[in-house]
Amino acid sequence: MNATNLPARRMVAGEALQNLLASRVPSARTTLRPDGELEVRVPATALVATARLLAAAEPLALNYLSCVSGVDWLERGRIEVVYTLHSMPDPAAKVSLRVETDRELSLAGVPSLTSVWPTAGYQEREVFDLFGVKFEGHPDLRRILLGESFVGHPLRKDFLDQRPPHRRVTREDYQP
Amino acid sequence: MTETTEFRPVPSDLGEHELLVNMGPSHPSTHGVLRVVLRVDGEKIVGTEPDVGFLHRCFEKMCEGWTYPQIVPLTDRTDYLSPMTCELAYVTAVEKMAGIEVPERAHWLRVIMAELQRIASHLVWFGSLGNDLGATSPFIYALREREHVMDLFEAVSGARLTYSYMRLGGVRQDLVPGFADKARAFLKLMPGRIREYENLFMKNAIFLARSKGVGKFSAQQAIAYGASGPVLRASGVDFDLRRDEPYAAYARFKFDVPLGSHGDVYDRAVCRFGELRASLDIIGQALDGLPGGDVLVKVPKVLKLPEGDAYSRVESPRGEVGLYIVSDGGTSPYRLKWRAPSFVHLESLALMCDGYMVADVVANIAALDIVLGEVDR
Amino acid sequence: MGVGRRRGRGNKLPRRPKGVRLVEKLDSHSVPEKSPLRKVLPGVFMGPVRQLFNWGRRNSLWYMTFGLACCAIEMMAAAAARWDFDRFGSFFRASPRQADFMFISGTVNEKMASRIKLLYDQMAEPKWILAMGACACTGGPFTGTYNVVPGIDKVIPVDVYLPGCPPRPEALIDALLQLQKLVGQEGLRAVPRAAAERAAERAAERGTTP
Chain L
513 MNATNLPARR MVAGEALQNL LASRVPSART TLRPDGELEV RVPATALVAT
563 ARLLAAAEPL ALNYLSCVSG VDWLERGRIE VVYTLHSMPD PAAKVSLRVE
613 TDRELSLAGV PSLTSVWPTA GYQEREVFDL FGVKFEGHPD LRRILLGESF
663 VGHPLRKDFL DQRPPHRRVT REDYQP
Chain W
22 MTETTEFRPV PSDLGEHELL VNMGPSHPST HGVLRVVLRV DGEKIVGTEP
72 DVGFLHRCFE KMCEGWTYPQ IVPLTDRTDY LSPMTCELAY VTAVEKMAGI
122 EVPERAHWLR VIMAELQRIA SHLVWFGSLG NDLGATSPFI YALREREHVM
172 DLFEAVSGAR LTYSYMRLGG VRQDLVPGFA DKARAFLKLM PGRIREYENL
222 FMKNAIFLAR SKGVGKFSAQ QAIAYGASGP VLRASGVDFD LRRDEPYAAY
272 ARFKFDVPLG SHGDVYDRAV CRFGELRASL DIIGQALDGL PGGDVLVKVP
322 KVLKLPEGDA YSRVESPRGE VGLYIVSDGG TSPYRLKWRA PSFVHLESLA
372 LMCDGYMVAD VVANIAALDI VLGEVDR
Chain V
502 MGVGRRRGRG NKLPRRPKGV RLVEKLDSHS VPEKSPLRKV LPGVFMGPVR
552 QLFNWGRRNS LWYMTFGLAC CAIEMMAAAA ARWDFDRFGS FFRASPRQAD
602 FMFISGTVNE KMASRIKLLY DQMAEPKWIL AMGACACTGG PFTGTYNVVP
652 GIDKVIPVDV YLPGCPPRPE ALIDALLQLQ KLVGQEGLRA VPRAAAERAA
702 ERAAERGTTP
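Chains as they are written, first to last, in this note's numbering: chain L, 513 to 688; chain W, 22 to 398; chain V, 502 to 711.
If you're looking for bench data, these hints aren't it; they were derived computationally from the structure. All residues carry an ideal CB built from backbone N, CA and C; glycine is no exception. Be aware that one or more of the hints could be misleading.
[Said to hold, decoys possible] Simulated crosslink set (SDA-like; lysine to any residue; CA at most 25 Å straight-line): (1) V:K618 to L:T557; (2) V:K618 to W:V42; (3) V:K682 to V:H530.
[As the list claims (entries may be wrong)] Covered stretches of chain V, as calculated for chain W (at least 3 residues, CB under 8 Å): (4) 577-587; (5) 662-669.
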């Protein structure tokens, strides 16, 4: 791998992926950034197909899912889930796969990508825990970082901490 | 003594069932507050389920309210065994998005600090590995060596654990007089000590029995489960962010990247020992060729990043630390996501433990080198 | 009375302030000629029973490290070779049943608080709590967030507060010495034992459900 050529090789790989997606997934909107990262925006219905396509692309398959993150766009009323993908072991391909869903708790849901990249398991659980987005097809969707009795999804922009105030405990009034 | 030949019949309702064993969150060998629920059939593990969140400190939500320079000390506390690397990850990500050009000397100093931090972190890993597998002496020896690194860091940043040394635009201050000499003395001391540890520990029959063939993890599994760092390299995948996607001044250095083949506990240990030696090499090269100049450029007091988002990653002693920052043009991030390698590795703990024995869980957790601060953030 | 020399009253030892009775090491001057104690000198100490008990307690305080976060690393460093804790008689016991005091080192959050309470209840009397670090004292840099308890003293009673982020091992040793001073003031009157036993049993039965 020639690391010094990485930006140029990223552009080449990005263009190839852009052409691939343009021909196979018409509903995908792609933007190639100057540093070679390809932004891919798809509707939820095309998410799994796009993911499988990217994971099997030739010559640089995007087989490594680095990061799954949720972003709460309060004004637009949408929550965006961003999957950052790289190719491994040659990192010349980099894609950020984005899907949006409604912010409303009962409607927030996207298909899970654990069938394509198993590492999405914990990270999607974290997005569910902190944003409330349900992932259809996830093998074990429940809270991961917060306790089971926690109410609310704290990384939402309109979350309010409604715990009662804590009071100091002394030896005299400690109740085991 | 009369011999009795009467045998009691086996009760018809005697059966076998799995046992649920709870490990943690208060456990001497779980590297923090990790809870692992094990389903065991006798001594064999049938199911492993980590339960995390006992140290969730709302780091990402806090970042949305703090300004970009204020977040630097907060990043120290995510992976508290390698805070320099966390700071480096954060400042690299923000500087890339903001277009801040850092002076060359600062890049070299960042490399020196990051590699010293890698040595310190791997020493703690080695000590904990020994401690978890029953040998307490490596712990004391390793922490003794680590104190040299702590002295160097304290000389240059003022703190022993949470340095806030890397700043947006460079590093906080230049090397103090005597730093280079002390660092070189440390570089002369370490190879002998590493050899001593390897002779005492890596060739120990008990350690070999407890680590070879334990927690096997193939290369395909490693890539599919998002492994990075020594865990990935121990499985045979030749990938190191410092060499393949360089940041700071790493492109100027030549260093070995140790590779394993089986992906078991032993290979991960061998990879980390190799990284110790490689880090000493890099620090030697950096001290020899350190360029002159400033170490900090002036950054606007109220720093606003342009709208947009970016993902940036560095190689920490644990693996790939990634930072996904979304900016809406304000003084704080709109969203800051910290991709922690330990969090991702915990998912593969089940793969590494199922089918092995209960004692192997401890070896696997120690070889993964997780830090709960970054798992839970 | 017999054995010791009386203070003040014309002999050479200075008069001690009222109320302070410490452990004295007996020497040949303070023991009469024909006393059988002469045979075992100089290994005889005399003092109030309470002081002797407390001397034993405070010089062998075994701690249960509750290493939660970054402060745990400084605690490990303080227990390691450079700032040895063992010379104060303190060393690590993993089980709360065998520990005299607990270092709460790190941030306490809602999920962990119930577990810490359980561990505290399982500790045997007499027990003390040392809140190490800003997070255990008041929540530290993370105070005010949705998941962090602002200080462990909102959950269990704390005896020594040690601020710092993280406190240096020297500060940790100072806190241990403060705790030793506190232990030195313990009374001999027993803790209501039946109540403490019942509390510990209830805690054990409660299990880990928050």
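How the hints compare with the structure:
no. : hint             : verdict
1   : V:K618 to L:T557 : violated (48 Å)
2   : V:K618 to W:V42  : holds (21 Å)
3   : V:K682 to V:H530 : violated (30 Å)
4   : 577-587          : holds (count 5)
5   : 662-669          : holds (count 3)
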